[in-house]
Each structure stands twice: as structure tokens, then as C-alpha cells.
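S.K.: Protein chains in written order, with numbering that gives the first Met the number 0: chain A, 0 to 270; chain B, 0 to 668.
Among the hints, a few may not be true.
Non-contacting residues of chain A with respect to chain B, defined by C-beta distances greater than 12 Å in every case (computed) [to be verified]:
(1) T84
(2) L91
(3) E133
(4) V221
(5) V232
(6) V241
(7) D255
(8) A256
Here are some, though not all, of the chain A residues that point toward chain B, as calculated from beta-carbon distances under 7 Å [unchecked claim]:
(9) W117
(10) V152
(11) G204
(12) E207
Stretch by stretch, here's where chain B covers chain A in the computed footprint (C-beta under 8 Å, at least three residues) [stated by the list, open to error]:
(13) 177-183
(14) 190-203
Derived from the structure by calculation, the hints contain no laboratory data. Note that CB positions come from ideal geometry on N, CA and C, so glycine has one too.
So you can see what is in the structure, the chains are spelled out below.
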Amino acid sequence: MKLLLALACSLFASSYTGAQDLSAFAGARSEALSGASVCLEGVWAAHQNVAATAALDRMQLALSHQNRFLLREFALSHAAFVVPTSLGSFNLAAGYFGFDLYNEMKIGVGYARSFGRWFQAGLQFNYHQFYVSEASVQPRAFTLEAGILIQPVERFSIGLHLFNVNQAEFSEARQDALPVSGKLGALYALNEHVKLLTQIQKTIGREEMYAVGLEYEMLELVVLRTGLQLPNVSNSFGLGLVLRSFSIDLSYAYRDALGSNASASLQYRFR
Amino acid sequence: MLFFAFSTTKGQEPIAPLEQELESIASGNEENALDLVQLAENLALLAEHPLEINFASQPELERLPMLNVFQVSNVLQYRKRTGPIYSPYELLQVKGFDRNLIERLLPYLDFNTQQTLPELKLAQIRKYSRHQVVLRSGIDLERRAGFREPNGFLGPAGNHYFRYTGRYRNFLQASFTAQQDPGEPLGPHQRLGVDFLSGHIALTYYGKLRTLVLGDYQVEFGQGLAFWTGLAFGKTAAAIGVKRYGRGIRPYSGAEENRFMRGAAATYRLGGFDLTAFFSHNRIDARVTEPRDSITFDGVPAVSSLQNTGLHRTENELAGKDANTLQSFGGNLNYKGNGYSIGGSAVWHNLGLPLRSGNALYRKYYLQGGRFGTYSVDFNRLWRNFNVFGELAFNHLGKSAVSLGAESSLADNLLLSLLFRHFDKAYSTLYNAPFAENGQSGEQGLYIGVDWQVWGRMRIRAYADHYAFGWPRFRVNGPSEGRDYLVQWEHSLGSFVKYYIRCKSETQQVNQPEATLPFLMSRKRQNLRFHLAYAVGQGWDLASRAEYAWFDTPLEHQRGFLLFQDVRYTFPSESLSLSTRIALVESPDFDTRIYAYEHDVLYTFSIPAYYGQSMRFYILGSYTLNQHIRLQLRYARSDFFDRSTISSGLNEIEGDTQSEVKLMLRFKL
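This is chain B alone, in the form it adopts within the complex (with noise of 0.2 Å):
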């Protein structure tokens, strides 16, 4: 009966606790919003599979995004010294968690005390697989220019997605995706029928094979200085979180089209030693110029850019699909020993047309031709209550770029993390991903993070980023520097009501318009967000918020305000929900918009900017209706005020409102 009092979650989609750090995240990396999609899977799939918390290793351990190094370190120290956990009651005796903590565990952990290495065995397979489908369709009820215009769209203004995963308990899985964006044609222009497909074939966890992947995987090594095609978080609101946490090689069917790797991968384990090989050759976008030996990198035809937006919907971006090749192979060795693990990487490419960036100051230590190589060491160490942890990456042409971090528990109710960051000004690279505000033009800077639990239920959180850059960037004509703060304080009265008052500025140098010499200036962007989120029992969740967002040059101030109201109600039978939001929006230019994360349907991520002056309102339905099918239906609509057509090019739509029907549909065997 006591345990019941914990597991109230359980059962229940879990994305919902995750979606105030998801939208931090959002609102900070606007871009890697499909990065979300990876996480929230793997929170999904955890959910399926729940770790076997007395048995799962420190790596995986390491997935639960609610746990930081030190909670991770000392369930297993505490595994190691009493024996097997067998209770989340017992968790509690476990140092760093709380009743609060654990409650958001819950749904991803297992207790059982007895693990068998599963058969395989075709029978065993086919008994117990499981399979899901999820089918996504989605239109704009206005019509955008492209499906107008002589030269515009090619397909039809709906996208669809398809996805087909077959999991044998945690050890062997396979997966398929096709997806089609708004405006992508279908058939006779696309080499496959569809726009982008998608799929691997994986073993892992399996004794000593840790991962095999034959099809499309991501890879994570070290930092993410060197070589990382994964998801990785950039400044959040959870303030201390500055640590990657390499997983080296992540099977992959997501829809992000260009930054994956295609081909064959595995993990071995030998003693302490986790050896990691890969080889991949993937066709990537790339854009084109006509004709096509117009650009040239020592006499051979040469591309400009490599594309990563993943829409071919016109003759122009049809022509970028797929027009480059990469080829990619690399490995990893890494020790594990008792609190530390030491490791090293070396990765190179090979593109079939190689890059020539173009002579504009800015982009002079930009990747330059086809072949390219990185080279890394990293270490981690746990010791008592402090983590330190840092790469040291060199690129082919020898130039370094080093990060170094710590995270401690000073107390048991304050974290701190510190990060140092320098890149070399020629330090560039293909795919990485490291801790930094963008890695690139000689960045180097100083993080400092603090998560202090003040007292009972209230909890401050706080980050300042000073970074600076050696080498001018885009729409920067010299070097340049940046601050980045943030404040965060939260409180919760009782169960029922939780508030949050966050503060963020981010100032950096942008070149000063129309002048005749390249000054510099500061461009400060500031947000103040009040959000209160409350509950009334019997089915009603809502929230409220209010946030200014301010945008100050020496030449322009502007301000931008947004109210919202959610509400969410889950009829008795739980079978069925209902989520909807209304939004009053004022913000005179795209300065000033304010990033808001909206519930969507399964396994898409919604971080809309909110702009103009205008009113948002959305309304999603879940419908279960049995263990294996799920419904969702989706409309959105903003009707704005001081405009008469909507965003710009072949996106602009005629009229003031913008709207859309999303349907979403799930089997799982």
C-alpha cells in the first residue's frame, strides 16, 4: 500500500516533467529542436524498458537526465556496499535523493533483483518483440506562395511522417523512418520515391558487444569537441549541466536528414577497454551553383556550403539533395578504471566535392577541401564530491581546441559547475558539439553554474557565460565578446502550485549598421519571465505566464510582452485528454519574439516563436483507445493584427491568420 503513495506516474506518457528543461533548452538552441525528439525517445524507450537499476552500469545510469554524476556515482557506491536496491523507499537512503527526485525517476526505473541475458533465439525473438508505428500527417490550412508561384513547391503542402520500430527487450531493435516536408514531391523527382528514409538494424547491451549498428547511427566521443553528430544541450535553465555524456554509438532513425552517419558501427568490450570502429558513406545536401564547376578548390569542381535544412521542395533545393558524398570512418578507445576513464578518438572525412568557403574574411578558417581529420584525448574523474572532466581535440591541419570542466557537490543541497572553453581560430571541424556558444572564430570563455536548493521547495539557479572571439564572424567584423546570465528562482506551495521567475540577458558585439567604418556594437537581449503552473485535482492542470522580452542597440529599443493561459484536462476515465492554450502576443519586430514551448503531438517538438501582435491559440486531443492504439489530433491558429500577409518568400501566406491540422496515430504490438 506504502508504495503506491510513489507511483502515481507510472503508467502515464512521461514527457510531461521533462518539458520545462526541454523548452530551455529550445529557447536557448533554437535549432536543435529536433535534438528533442532523440531525447524524448530515449525517455520513451526508457519508459518500455526501465533501467534495472541493479544492474545497469554507470553509462547507463547516465541516461536519466535527472541524475548528475554525483547521484549516479553514489547509487553504485551504495550497490557496491549494501547490495541490491529493492525499493524506491530505499533509494531514499541513497545520497542526493529526495521524494521529489525519486517520484520523477519512477517511470524509468526497474527493481528487480534477478537479471537474465536474454536468448537469441529467432522464437524468443518473435515472442517477445515489440512493434510500434506512428503515422503523422499535417497541413497548413493557408496557402503559402510556393504553392503558387510558377517557380515555387514542387509537392503537395501536407507532410507526413512514418516510423516502424521493432525492440526485442533492450538487445536488438530495428527501425525505419520515411518522412516528406510541406511542399517536397512525391515520386518521379525523388531517387526513392519519398523525400528521406531513415533505419538501422542494432544489437546492444549484449555481454561483451556493447553496440552494433548496421544502417544510420549517431556518434558522441569525448567533450564533443572532435566529433559528435548527436544531440547536445547548449546553455539550459537547468544552469549546472555542462558535461557531455558520450555514448559513443546511438542507433539512429530520426528526421534531422544531413547530421548522421550511414553504414556500420560497433562497440566492444575487452576487460576495461570499450573499443568503438566505424565506417560510414552517406550522400549529403549540399549547395549547388550553376554551372557546376563555377567554384573550384585546386582545380577540381568544389561546393560553397553544405545545406542542412532538409527541404527539397524547389527545382533549386531539389538540385542540393544529396549532391555531395560523405565518407567518414574513425574510432574510440576508452578505459574505464575505478572513478575515472581515459580515452582517445581520431575521426577523418572525405567529401566528394570539396568545400571552398568563399574569401570573406570571416569565413577564412571555415572547413576548406575534401579531406579533414580530428584527433582527441578526454579524460573524466570522480573524486569525492568534485568531477573533472576535459578534452583536447586537434584538427588535420594541427590546430587544438581544449575544454575543461568540473562539476561539485559543495553541499548536499548546492551544485556548481565551471567550464573553460578555447578554440584555436583555424580550429574547425565537421560535425561537433561542444559546450561553448558556438565552438567556431577563436571562441574561448568561462562558464560558471550554481543549482542551490535555498531552502525546503525553493531552489535558485544561475549561469554566467564571458566568452570571447579572436576572429570576426558573420555580420561581425573584428573579434568580439559576450555575456550570458541567467537567473532562476523557483518555488513550489505544496504540490499544487509551482512558480518560476526567470531572468536572462545575453549581450554580444554585431557590427553596427550603415556605418561607414566596421564599429562594433552591443546588442543586448533580456527576458523576464514569470510562470506560475497549478493544479485543482480531478483532471485540470494549468498554467499561466507573463514575459517581457526586451531587445536594446545603441540605435533601437524594443519590447516585446507575452500572456498566456494553459489549460489541460484529463476526462476521468484517462482514456482521453484535452490541452489547449491561448496566447496574447505584442512584439514589435522578430527582435523582440518570445520562444514558448506548446504541447504537440507524440514525438514532435513545438518551440514557436511568439510575434507581432497577435493571438495564438491551440488545442490538442489525446485519445487512447486501447494498449495498442493511440490518437492524437492537433489544431493551431494564429490570427495576427498588424499585418496582412505572414512571413516572407515562398513561405508568405495572403491574409492575417495562420493555421494548421496535425493527426497522429500510433500502434504498438
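One chain only, chain A, in its complex shape (with noise of 0.2 Å):
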């Protein structure tokens, strides 16, 4: 039965994670607006765009899990931790996917900065490793992302995101090449409660995928989130919730054909 999930593992591993980047399913704020998630600052910046992070003002900590389409081997971990500086922020972002038989790993280490008050940029350095049991060779491969993050007007921003701009191999053969991915997005705040986000995102040689999100402060210390992905079509849902130096988010998200998705995760805000 393993050996079956190893193999439909990697199938999955190679249409819809990926040799893709891990980091796309860190967070629930992110899940929960189906992944519309590269102009969101934060400490999930780290995964989405490292460029974002560049405005905490706080050490920030961050951990979420998932077992996609509620399958315990296709478990997904991410931790995140950013440390804002005078020189501007720091962070580590790790991610994990899989069991025993086989798994992903990530370890990225970025920096990011403002220049001015309304553009942003970072760089992000990865490690990656994926391991099968069966084979006799474990991949890696080292990865450069980089970001940016502009606010031409108030309540307006644009965020650009590329992942594996050096084009790493895990070998001679492209195919076995990570995949050179790009994310564009906007976010409109309509009022201080209500955020509009889109994205589109491409992946050399996928098809190009949108989303859009939907973010509402309910009230000060609760978050409700819902967002909407095609061509694959996924509807997602989410609620945050505040508690002093801690919050919560917690998300759902329905995919055609795949099933139902959820994760957690906390962040913790250093004083």
C-alpha cells in the first residue's frame, strides 16, 4: 500500500506540488485564499514572497501543517521565521512533504529590504531534497527566488514573485530540472477591513493558473477568508483568529476531482 502511495506520490509530486515549489502550500491565510497570496506581508512571506517580509516591524514565528486531500502520507509541513533588522529582515523558511518512502524537503534562507517607502525586494537561497527509498540516488539542488513588492498608490500594491530563477537540475537531463515558476499579483484594500487579492501564476511548461481572494476583518481579532482558483477549479475558505501575540488560521478548500483540503497554522509575534 505504501509502495502504491510512493508512487502516487510522485505522480502528484510531479502535476501538482511538485517538483513545483513546496512553498506554495505554506499557511492557511494563503490556502484559504486558494494560494492569492504574493502581495500579502507577513511572516508567510517567507514562502510566498520573500520581498513581503521586509515590512515586519516584530520578530515573527510561524508553523502549518496539512495532509493533502486528508491523506497521512501526503503530509505537509512549513515553518517560517523572519527577523526584521535594522539592515531589514532575515528570515528561514523550511517546508517538508511526504513519509518514510518518500519525501520533499526545502530549506530556504532570504533577506529583504525597502528601498523607499514603497518598493520592497528580497532574495531567497534554497536547499532542496527529495528521497525515494527505491532509488539509489537522492536529487538536490539548490534554488534562488526572488520578489518584489511595489505600492504605486495607497490600498494598492503589486507583488512579483520567481522561483528557480537559476534554473536548477537535479541532473543532465531538463526533465529532471525544477520547474522556473512565476507569480504576479495585486491587492486592493477597499476599505481597512476588506482585501481584494489576484494572482496568476506560471509555470514553464503547465498551463498558467489565476486566482483570486477575498479577505474580511470581521472584527478586530477575527479574519474570514474565502478564494477561488482556475482552471483547476478550487474554492477555499478560511478563519483567523487573534490572540494576543498569537494567531491562528485555520482553512478548507474543495478541488475538483482531488477532494477536500484542510490546514492549520499558528504564528507567534515576538514582543
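Assembly of the complex is requested from the two constituent chains, each provided in isolation within its own frame, with the hints serving as guidance.
M.R.: Below, the structure written as C-alpha cells:
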């Protein structure tokens, strides 16, 4: 059974997460917005768009977990840690997918800073490792990602994030390359409580993916979210709670043909 | 102090605001990319010697590409009625001028109220002349097949360009260009040592002598039906520009190696009449077949076609270099009255080796023989808010072509253009540039364009062009038709954010491949573009774009996609700027390629086709050392994921990366 799952994993891996960037699924806030998170500031930006970590004013630590499609073997865990300094923000981002027979791991170190008030940029350096118990080699790769976040006018920002700009390969054969992908998105704050997010994601060799998300701060401590992704239709919903220095996000998503996803994340903001 | 609000753009390189226009022209008209150099040079020249708005005549004002005919006429009327225009603020009083437009015009205008005709004395000329030297070199970092193969390119891989321009005010200029394309040999293979040289000495706007050129020049008459060697736009996203502004004789020292005149030309003003005459004798390229007398026309050796790539890299290409001669002469008489002008031209050509275009049916009415002529009359009438213009031309066979157009500013915020053209199927001539799909094969068509400022900063531009060809064309074995449409929505959100959405569709009929009977099928190209440009101050300018391309025939359906981000940063000192782009491309084949304008070193325009599964990156650094020296360095690179060789034939590159480096140096004295 586990072998079958390992096989399924690698299929799944190539068509959905992937050799795709593990970070695409980090944090329940982003999951609740169907991934339209390239413009979102916060600790999870260490996974979604490194540039957006530049605006943090306090150290933050975050953890998230989900069993993709509610399968134990499709476990995805992420961690993020951001340290703002006077020179800019430094971050650590880690992700783990899989189980003992098949797993993928990513560890990244990133740096972001502001250039003037309305422009932020960041770079992240990652180490990737893939493990398949049957295989004789464990492929490894180093990737570079880069992002910018711009706010040309009040309440409107644009984000761009590129993954694997160095076109890392696991071996000589190009099909073993990690895909190059880019996300471009916009955030529009209708008022101080409502944010509308859109995003287009292009991974070389795959169809473009579109996402829209809506975040509504209903009460000071309660945030509601929803999102939609196309063309592989996925609807997502989420809830965020703020408890002093802690905050918790929960998400649920339903994807056509593949079923349900649920994830949870916990963030801690240092004083 | 108030003036400063308007004068922010002054002193910068004025090419940037024209980019969108240049790009749209280029993507609809790829083969004319070189012409953009002429446009950019015209603007660079205007920036250096701004137009004296209080003295400029109508044709001089028409050199400003951002003004339409009504705005030009309004300036002239205002001047007549009220006297000199003292400041940009006064321009706001002129009908059809708004803040935005004035800001764009400002780098090219001079508001002086006293004009002095310069003295043509050597001491004066020496004292007030400006000199400029541009040096440019570039090289592909990967070796193309032509450099490895025995029958490949004879020369080195680098390309080089040198240009000297000396100018005394607006009146006297001398210019000289030398150019070498990659793979072209130097030295013994070339008659003059380098591959291409051009230059001229010219006197312009000197009293009654409007132009006198010795050396290389361009000729532009009427609406471009009969004779026009220079720059001409096709259908562009500006949508309403259908009128040709023929400027008669224009000095030339560009990089296009065939399509220009070489000899002497002059325009003289007599009362309301402008009389132009020119004579040219130029060596041009031709496709040569061996043995040389295998093609004949009326018993004398002939060539099958003229060649205009300007590339002379292999033995074969060199054999065709300057293989033919073209002698041209002719003239134009133009009368300008109050609100109208009327003109007539006649041009004769004499080819050293006659053309014999072959027996294919579609070539039946191509130019044949060695002696051609074209004769035409043209008119232009401005009446209230209507401008009507047209040209009627006949070639040496007595076959006709007609173009009739109108532009109207129906309301202050709505401009409308109409253009009808009809070409006899046997109307073909050597160098012309009518506003048309291609102006051959019995084309007939009607074009409608609008530019509507809907509300405040929102604008719609659109055109529709319906046309038909009465005769077969290359790979079209029968009469065919086509439809082109464009709709563009533009919106500025404050002065920091602008976006536009452009939908473009082009449908033509072409041969159905591998069909036993030559059925025609429709081939449709559609593009949808979202473009967002935004500035955040402190020197940061950015742009993002997503574009789709669809290519549909009854047999295949393809889709391409392009995503890019531009970032441009100007350092606080303004002497150094960096401009970069990173793009992701997915286009299954060349039919779904997407064109995008790229920042390049001065006086070069890159509008590459983005295709394949690829990532493209470039960075351009510009450094202005002082008022004399400017330096630019550019690195561009494409990485393909779907192929292990790039391009084909002698241009093939082994590997999945294509990259190039370019360096430009400009000295000004």
C-alpha cells in the first residue's frame, strides 16, 4: 500500500506540487485565499514572496500543517521565521512533504529590505532534497528565488515572485529540472477591513493558474477568507483568530476531482 | 516657479514616452524596426534643437508625432490671431491642447519670440557646430553554425556601428555611418573595407532653399502611393494615424542598406510652390543565380529579385551584394494655399540588370523589366474640423492606385479616421509605402479608426480594417480577404499608475496545407494584453505585463503566453540608471510568438519575438559621465526549456541558451 502511495506521490508531485515549489502550500492564510498571496505581508511571505517580509516590525515564528486531500501520507509541514533588523529582514523558511518512503524537503534563507517607502525587494536561497526509498540517489538542488512588492498608490500593491531563477537541475537531463515559475499579483484594499487579491501564476511547461481571494476582518480579532482558483477549480475558505501574540489560521479547500484539503497554522509574534 | 511644474521632463532622453507607440508599430510591422531609428533620431534632433513654436511652419510642426493635424492647425491659427505663444501655459489656451500633451511636447519646443537666420560663415559654423560620435559593438556569446561550418560566414561574430554627425544649428549637417553585421567579412572581401557606408551633407530650412542634400537621402511624396523610401507606419495601436506626412527630401545616414537614394536632391520655395528634384545612382543588392545569364529578360541577363536583408556574410550573399544598380530621378511640385495643398510628382527608375520575377501566377504582376515610372497627384484639404487627403498614382503600365482618407475631430475628445484604398492588380512600383496591408495584388480596403477620450483619464482607441486582394499572393492561391481589429482601453490612475488592455485580432485567408485543391482557409491571430506601468518615486519605475496569443486555423489551435516584469532604477545623481526585465514565455510554436519592445542602447530598437518555453532576461546600464560622454552596456539572455538547439540553418546555436552583450559609447562636442 505504501509503495503504491509512493508512486501516487511522485505522480502527484509532478503534476501538482511538485517538483513545483513546496512553498506554494505554506500557511493556512494563503491556502484559504486559494494561494493568491504574492502581495500579502506577514511571516508567511518567507514562503510566498520573500520581498513582503521586509515590512515586519517584530520577530515572528510560524508553523503550519496539512494532510493534503486528508491523506496521512500526503503530509505537508512548513515553518517560517522572520527577524527584522535595521539592515532589513532575514528569514528562514522550511518545508517538508511526504512520508518515510517518499519525501521532499526545502530549506531556505532569505533577505529582504525596503528601498524607499513604497518599494520592497528580497532574495532567497534554497536547498532542496528529494528522497525515494527505492532510488539509489537522493537528488539535491539549490535554487534562488526573488521577489518585489510595490505600492504605487495607497491601498493598492503589486507583487512579483520568481522561483528558481537559476534554473536548477537535479541531473543533466532537463526533465529533472525544477520548473521555473513566476507569480504576479495585485492587492486592493477596499477599506481598512476588506482586501481583494488576485494572482496569475505561470510555471514553464504548465497552464497558467489564476487565483482571486477576499479577506474580511469582521471583528478586530476575527478574519474571514475565501478564494477561488482556476482552471483546476478549487474553492477555499478560512478563518483567522488573533489571541494576543498568537494567531491561528484555519483553511478548508475543495478541489474538483481531488477532494478536500484542510490546513492549520500557528503564528507567534515576539514582543 | 510655476514653470517648473511643466519642465520636469526636460533634459532627459526623450525616447521613453514614445515607447508604447514604437512598440505597437513594431509588433504590427516587424520588418520596419529599423525605421524606428529614423523616428527616434528625428526626436533626438528635435530635443537638441527644439522647434521654435512661434516660427515653425506647418510641415515643421508635423514633425512632432504627438500632434494631430487639427492641433497643428490650431497652433497656426492661434499664432495668427493672438500673436506669439510665450509659455507652455499659454499653449493650454490652444484648442485641443491639454496638460498631458504639453508635458509630452515640452522637450521639443522652444518659446523664443525672435528668430535669427544664421550666417553661413565658416567662423560661425566652426564656433556653433555640434558634433556627435556614436560607437556601438555587440556580440553573441554563443557560436552560430555559420561560424563553424566550412561554407558559412566569412567574417567575425561581432557587429559594429560607427556614426558621426556634425550639425550647425538646424541648417547644416554632415553625417557619416559605417556598419558591419555579425559574420560579415572585413577587408579584402569588401570594396570599401567595411560592409556598409552611408553619409551626406545637407542644408535645410535655409530661406527659400528648403533642402539641399549631397549624398544619401530619403524621398517621401504625397501619401506614399507612388514614391516613398523612408519611414511609414502601418496599422498601429494609436488607431487614428492614417495620413502620411510626406516631407520631400530628407538627409539619410541610417543603417538600412538598400532602400535609400544616393546622389543629389533639392527643394526650393517659390511663392506658394515647393519644387523638388532629385537624382540618384545607387548600387543595390540582388539575388544572383549561377550561371549569371541563366535568367534573361528580353535577351539580356536579369535577376529574379532584389535583396534587402543587408546581410553579406557568406560567399553567396556577398555575390549578391551591390550586384545591381538603380538609377532614379524625378521631382515633385507642391502648392500650399490657405488650408489646402495640391501636388504632383513623377519618378523614373532604371535598373542595371532587369527584373524577371518568374512564372508563378502570384508573381504575374510583380515588377518586370528594367525601366519603371510612377506619376501621381495628391491633395490635402483642411476645412473646419475635417482634414481630407488623398493621392492618385499611375505606374509606367498605366495602372492606377488611389488612396482617399479623412481625419476629423468630431468633438474635442473624439477623433475619427477613415481611409479607402484601391490598387489595380497590375499596379506595382519600386519603393512605395502606402497606408495598406501591403498595397499589391489588387488590394482594396476600408479602414476606420477612433480615438475617444471617454472621461478624464480614460481612453478608448480602436480600429477596424476590412480588405480584399483581387489576385493570388504568395501561398494564397486565389483572391482572398482579411479583417483586422484592435480595441484598446487605457486608463491612468493618478500620475503613478497607468494600465491598458489591448485586444487585437487579424484574420486572413491562406492556402490550406496539403490540400489537393487549392482551398483557402482562414487563419486568425488574436492577442490579448494587460499592461500595467507604475512608478513609486525615488527613481523606481516598473511595469508588468501578461499577454496571450491565439493562433487558429480549421486545422490547428495554438495558444501562447507571456508574463514579464520590468524594473528601472535611476540613481539619485541621475547619471546612472539600470533597466531590467525578466520574462516567462510559453508558446508552442512560432505562430503564437509574442512581440515585446525591449529597452536597448541608444538608437537601436529591439522588438524580439518571445517564443518557445523560455525565460528571458536583460539588463541595460546607462552611465552619463559628463555632458560629452555617455556609456551603455547591455546583456540579454534567453534560456529555452523545450529545445536543445536554437534557430536554424547558419544561425543555429547548439544548446539551450542564447545571449548577447552590447556596448555603446556616445561622444558629444
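S.K.: Work down the list of hints and note, for each, if the structure agrees.
M.R.: Hint check results:
| no. | hint | result |
| --- | --- | --- |
| 1 | T84 | holds, 22 Å |
| 2 | L91 | holds, 25 Å |
| 3 | E133 | holds, 27 Å |
| 4 | V221 | holds, 32 Å |
| 5 | V232 | holds, 19 Å |
| 6 | V241 | holds, 30 Å |
| 7 | D255 | holds, 21 Å |
| 8 | A256 | holds, 22 Å |
| 9 | W117 | holds, 4 Å |
| 10 | V152 | holds, 6 Å |
| 11 | G204 | holds, 6 Å |
| 12 | E207 | holds, 6 Å |
| 13 | 177-183 | holds (count 4) |
| 14 | 190-203 | holds (count 3) |
The structure fails none of the hints (numbered hints given earlier).
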